[in-house]
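**Q** Listed here are the chains, written in short residue letters.
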Amino acid sequence: MTGAALLDRSATLRVSGTEPIGPYTLLRVASGPIAAGVPGQFFMLHPPGRVLPRPMSLCLAEAGELGFLIDPIGPGTRALCELEVGESLHVLGPLGKGFDLTVARPLLVGGGIGVAPFPYASQALGGPPAILGFRSAHHAEAAALVPGAEVVIEPTFVTALLGDDPGDVLACGPAPMLEAVRRLVPQAQLAWEAPMACGYGACYGCVVEVDGRLQRLCIAGPVLQAA
Amino acid sequence: MTVPIVNASGCLDALTAPDVAAPLDAFVTKTITPEPREGSPPVRIAETEFGMLNSIGLQGPGLEGLLAQTLPALALQGLRVWVSVGGFSVGDYAGICERLEERADVELIELNLSCPNVEEAPESSAQIVAGCRARTTKPLYAKLSPATWDIGESAKAVVAAGADGLSLVNTMRGMALEPATLRPKLGRGSGGYSGPALKPIALACVSACARAVDVPIVGMGGVRTGLDALELVAAGASVVSLGTILFADPGAPTRVRRELQEEATRRGIADPRTVRGIANS
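First to last, the sequence lines map onto chains A and B.
Read in order, the letters of the first sequence are residues 1 to 227 in the working numbering.
Read in order, the letters of the second sequence are residues 1 to 281 in the working numbering.
Since the hints were made in silico from the structure, they are not lab data.
Idealized CB from N, CA, C, for every residue including glycine.
Check before you lean on any hint, since a few could be wrong.
[Claimed, not checked] DEER-style ranges, computed between Cβ atoms:
1. B:Arg266 with A:Ala144: 51 to 57 Å
2. A:Arg78 with B:Trp149: 38 to 44 Å
3. B:Glu64 with A:Ala35: 34 to 40 Å
4. B:Ala104 with A:Glu87: 48 to 54 Å
[Said to hold, decoys possible] Derived list of chain B stretches under chain A, where covered just means 3 residues or more per stretch with a C-beta under 8 Å from a C-beta of chain A:
5. 7-13
6. 16-26
7. 33-45
8. 242-254
[As the list claims (entries may be wrong)] Chain A is nowhere near these chain B residues, computed Cβ spacing over 12 Å in every case:
9. Gly57
10. Pro72
11. Ser89
12. Asp105
13. Glu107
14. Pro146
15. Lys156
16. Met175
17. Pro196
18. Ala212
19. Val215
20. Leu227
21. Arg258
22. Glu262
23. Glu263
24. Ile269
Chain B with its partners taken away, still in its complex shape (with noise of 0.2 Å):
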């Protein structure tokens, strides 16, 4: 055993690439609405100089696709399952929440508590968390936005809510321009904003929530190598989470995965798991 490392949600497809997911120790999904979203006219994605922009805006199958047709087809992968889910109140997340529950072939719930490309819900992420809690029994997971003046806050009064682990960090909101016309290079303006860039943001939240809270941290924003991933498990991270590098490298699964033991053989650690949290101390 190792440090176990994940896909961000919305940065793979299983079932379209799934011997790039086959790696994985859990595969999460596309953050999954109640109602079957088009999602954001094009374009969607721009390069910048340190990272990218995405405005997909959920696209996606919909709860009741997601139950008739996405989860038994990954369940023939034999991959173990975490759902993101995404609502625009708290019913919409405690209602997808409940009908997960009696899903077995789903290990854990992450709840997107932060897409910067839709309406955000009104209530707040600790409210969302305590409906879904009173709805599932299964792990939750609260993912956070970096763009908070306090993240460790947010992260106590979440865990104070009912979730029992967080995935730090989402997207910030971000804006590209044409230079040739100096109009946004996305067809809704701005966007997520991941890669590289994200790096140092996802190590600063990270290391803040673990000081904050004690519970399992998926971490994620920037991770390219082994060396990244060792330093997301330094700050606080439990689970490393790979997104905008599987687009770049469909291989970065087990590259990764190779790089950080030799990253922590390197430095005399036999298990990069107990290096976790030493940048706190």
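Bound-form chain A, shown alone (with noise of 0.2 Å):
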């Protein structure tokens, strides 16, 4: 694991904020001792009365504030959407490996709630092109966090708009999604999902199945390129 200590990187945060988009909840922290590190790393955060923490990507990092978009699936995710200003939240993070910015014509490519780490990636490269899909327009309002993104609507997908020469692919979303553009962009960098417990190598549980292989998504990934 790279990085500082991971005690280091763990700390209770208050809620600075949060908003409804589309059927997503932003919520907001105050970094505290927290750094954002590179987009595509997850952060855990732990829902008040659950057992685990949920990983979530970062999706703005702003001065002395995080921003996560929170898509409330289950009773953790719900919990975290509840939340209230001045409310507080642990936090651990920056954890994993994100994706490697240093491409030379990159593209955003996102499904869903894989919107998620694309708006701190889009600031971090300058306003690169990007592609995101939605299953409905309600969704697609989270598409407004990403500035100048194309937007396609179920059942259009995003391999629609990828064309002959979509140049360096970062691609997060459903795991459909992911092996439908790594069939057209075999060295496109993708970001996957699965369950987690702890987040930073202790429980073995978010192993992901990738060509055959099984790969712990939290030191492997959660950014996962072909070789």
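Hints are included, so try docking the two chains, each in its own frame, into the full complex.
**A** Here it is, written out as structure tokens:
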């Protein structure tokens, strides 16, 4: 694991803002001692009252603030979305390996809540082109967080807009989307997702199978790139 | 000196998180098997209302990997190392113990007799302990499942077979379903249930074993706070082990140690070790 010692990346932070964006919630916390890290890295956020924290990539890195875009799909993410300004939240991060930003022609490709790391990535890369896919216009409201993004709505998929020469693709989204992107762009950087208990290499819970190999996302990823 | 605090096997990797392991009184390795294992297919983790399920499936480098890479790397960190040993027959367990016997960097051997995620060895726990006892002089602790009708009898049997201590308790087999599909959340269907829900079960098992046998007991199951740890000591634990809490709070070793002393002091107890077993009298 790279970066500061793990315990130096652990802090209880104050919720500084919360706003709905389509069906999602943008949760902002005062960053305190926690660094933003590299786009594509993730943080473990501990929802009040839950046993385990939840892994979330960083959506926005602004002065003194970290922003996370959260899709309320279960009890943990719902508890995160229900946090109110002034409440505290335990945060561990940044963790894992993020995107390699030293690419010549970046293209951001996101699907659904996979848009989450791209506002920060877009800022870090100086506003590269982006293609974002959503299942409805309501979900697509999140595209406003990524300046200049092209948006497709199901039944159109992001792969329809990739073209013959998409450049250096950085992708995040559901596994079927990542597999489809990889078939068209084998060297794409793909940010995967898996249930995680710890986020720091302790539990061995977050494996995904890529090319017949099990990879622990918190150590090898979450951004994996074909060799 | 106070109550020693260790990690539960499989709940911490001292090589990826050395600063989390450093405050522990000993580091317990992930269960080692004779051969390398890739482990279970995804999904391996699911949270439930009061705990979590895992089906990791003893992923690990196998005995040779442990001996050649893991143990030397742990030694560089200056940790006291307890090795958790698994297998699928008496010969598996005993063969690993024989190889560990020659290693000065291994302080204690914990026999994982109760992993809910792999096929169990056909032999009884006592037979496995006896087979290992014949191959090693190192302290040998038997880790028992709480899913037994009389754990005190199991404790007597493994101690009679040569166990020097007990680790109580392992996870219990459990299952969670995806509400939308009514299918199991875990790839293997079921897995080991751990976390806060296990605490009353752990207390009962530790208490039953402390009354049945007079050996050191590593107590674990749902410990989140210093009070949880103190309760396990009162039930008969001589060492307290942290499992699921490490996933949510990597600062738990230092915090639980501090809270344990605070809880003892609040009760007029200078040394929390002195309350060992008072729940049983």
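**Q** Decide, hint by hint, whether the structure agrees.
**A** Hint check:
Roughly 53 Å separates the CB atoms of arginine 266 of chain B and alanine 144 of chain A, a value that falls within the hinted 51 to 57 Å. Restraint check, arginine 78 of chain A to tryptophan 149 of chain B: a C-beta distance of roughly 39 Å satisfies the suggested window 38 to 44 Å. Range check, glutamate 64 of chain B to alanine 35 of chain A: about 39 Å between beta-carbon atoms, so the 34 to 40 Å window is met. Remark: the range hint 48 to 54 Å for alanine 104 of chain B to glutamate 87 of chain A is upheld by a beta-carbon distance near 51 Å.
Look at the stretch 7-13 of chain B against chain A: 4 of its residues bring a Cβ nearer than 8 Å to a Cβ of that chain, three or more, so the hint holds. Coverage of the stretch 16-26 of chain B by chain A holds. Counting CB-CB distances below 8 Å, 5 residues qualify, and the rule asks for three or more. Remark: the stretch 33-45 of chain B is confirmed as covered by chain A, as 7 of its residues place a Cβ nearer than 8 Å to a Cβ of that chain, reaching the required three. Under a criterion of three residues with beta carbons nearer than 8 Å to beta carbons of chain A, the stated coverage of the stretch 242-254 of chain B is upheld, 7 such residues being counted.
At roughly 9 Å from the closest C-beta of chain A, the C-beta of glycine 57 of chain B falls inside 12 Å, breaking its exclusion from the interface. No beta-carbon of chain A comes within 12 Å of the beta-carbon of proline 72 of chain B; the shortest separation is about 19 Å. Once the 12 Å rule is applied to beta carbons, serine 89 of chain B is consistent with being away from chain A; the minimum gap is 24 Å. No Cβ of chain A approaches the Cβ of aspartate 105 of chain B within 12 Å, the least distance being about 21 Å, so the stated non-interface status holds.
Every Cβ of chain A is farther than 12 Å from the Cβ of glutamate 107 of chain B; the closest lies at roughly 21 Å, confirming the non-interface assignment. The beta carbon of proline 146 of chain B sits about 18 Å from the closest Cβ of chain A, which is more than 12 Å, so the claim that it is off the interface holds. The claim that lysine 156 of chain B is not at the interface with chain A holds, since no C-beta of that chain comes within 12 Å of its own (minimum 33 Å). Once the 12 Å rule is applied to beta carbons, methionine 175 of chain B is consistent with being away from chain A; the minimum gap is 15 Å.
With a minimum CB-CB distance of about 7 Å to chain A, proline 196 of chain B fails to clear the 12 Å threshold, and the non-interface call is violated. Listed as a non-interface residue, alanine 212 of chain B keeps its Cβ farther than 12 Å from every Cβ of chain A; the least gap is roughly 31 Å. Non-interface status of valine 215 of chain B relative to chain A is upheld: no Cβ of that chain comes within 12 Å, the nearest being about 28 Å off. Every CB of chain A lies more than 12 Å from the CB of leucine 227 of chain B, the least distance being 18 Å, so the non-interface label holds.
Look at arginine 258 of chain B: its CB is around 14 Å from the nearest CB on chain A, clear of 12 Å, so calling it non-interface holds up. Listed as a non-interface residue, glutamate 262 of chain B keeps its Cβ farther than 12 Å from every Cβ of chain A; the least gap is roughly 19 Å. No Cβ of chain A approaches the Cβ of glutamate 263 of chain B within 12 Å, the least distance being about 21 Å, so the stated non-interface status holds. The beta carbon of isoleucine 269 of chain B sits about 29 Å from the closest Cβ of chain A, which is more than 12 Å, so the claim that it is off the interface holds.
When each numbered hint is compared with the structure, violations occur for hints 9, 17.
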